[in-house]
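A.B. asks: Take the given structure of chain A and dock chain B to it, following the hints.
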Amino acid sequence: MKIFNLKKNIQDFDSDTQLMLRFRDGDDNAFSEIFNKYYQKVAQLCWRYTLNKDTAEDAAQEIFMKIYQNISNYKPTASFSTYIYRISANHCLNIIRDQKRHLSYSLDENWNSDDDNQNKPLNYIPSNIQNPRENVMQKELDEKLLKAISELPKKQKMALILKKFDNLSYEEISKSMNCSTGAVDSLLQRARITLTDKLKKILGEGFF
Amino acid sequence: MYGVKNKQRQDNMKTDCKHIKSRLSAYLDKQVDDVTKNLIESHITECKDCAEYLKNITDAEIIITAPLSKTPVFDTNSARRIFWDKTVKKAKAEGRFLFFLHKYAGTFAIILILLLFFINE
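Residue numbers (our numbering), protein chains in the order written: chain A, 1 to 208; chain B, 1 to 121.
One should not assume that every hint holds.
[To be verified] Heads up, simulated EDC-like pairs for lysine to aspartate or glutamate below, C-alpha to C-alpha not over 20 Å straight-line:
| # | chain 1 | residue 1 | chain 2 | residue 2 |
| --- | --- | --- | --- | --- |
| 1 | A | 201 | B | 52 |
| 2 | A | 198 | A | 142 |
| 3 | A | 41 | B | 75 |
These are computed hints drawn from the structure, not numbers from a lab.
The following block holds chain A by itself, in its conformation from the complex (with noise of 0.2 Å):
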């Protein structure tokens, strides 16, 4: 009898899983919306990865085939976002692993339609740094900032993206990265401390 009441209705899961669950029993429409609601969040997760918008869009559709060739493996044991979040942080992990190359990046690619001058790094750097706008071009600078993101080791990259722009905790980045909740502490500590180094060079002693 306690079998049957270990057992959970698919009511008693989340809306996602809840679509995964019916994707499991056949429904396809029931993958399109979960590929309708986290497509930007996965493209995006792996553009801050790559900085390459071919790569991103690229290894987000291989993301989105891991999970629809796998679907007979799921089991709801944790929420989905965390599943895709961990699928996307492994495969975004590994594809700098496989293909060791140096992966480009552009500042010419189409930005979100809101995009403006509020948007360019420089707008970012507090009022009280924002001397070097006279010295440094704004485009030399976006390539700096961005190949100082992109020198950074690959794990604390993305521990970095994860808790700054998905705005998980400790705990969802350990269990989407498969390490500690300690580990994650000291990615993120080792990733600011580079990340503070690598703008010293880029400003100048000066600017701290």
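C.D. replies: Just chain B, lined up with the frame of chain A:
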């Protein structure tokens, strides 16, 4: 006596600073408990070095990650069409090929052995 006490105080402060700095990243992410939060906040009001360190790592993160906050446009509808029309079809075709290969692996192996046998003859 004063000098010894002062030196001890400075050493304790250094140890504190090392500990505090190691927790500042988690503090920024609001991932420390209330006791640590209070400890950090009271320390940085007194310690210029740690306060500056906190400001530096905060600024560096804001400035360097700024270009990542605006992503390129990703067309979900187009991507979904590509997914169903190309990616899934391709995977199914590959799956069929692998299924075929797997199903007839024995037959292929026998044919290969016979071919090798006749070539050697």
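A.B. asks: It remains to establish, for every hint, whether it holds in the given structure.
C.D. replies: Tested hints:
Annotation: proposed proximity of residue 201 of chain A to residue 52 of chain B holds, straight-line Cα distance about 17 Å (limit 20 Å). Of the pairs offered as hints, the one joining residue 198 of chain A and residue 142 of chain A holds, with about 13 Å between alpha carbons and a cut-off of 20 Å not exceeded. For the hint pairing residue 41 of chain A with residue 75 of chain B, the CA-to-CA distance comes to about 12 Å; that is within 20 Å, so the pair holds.
Figure legend: structure checked against the earlier numbered hints; every hint is met.
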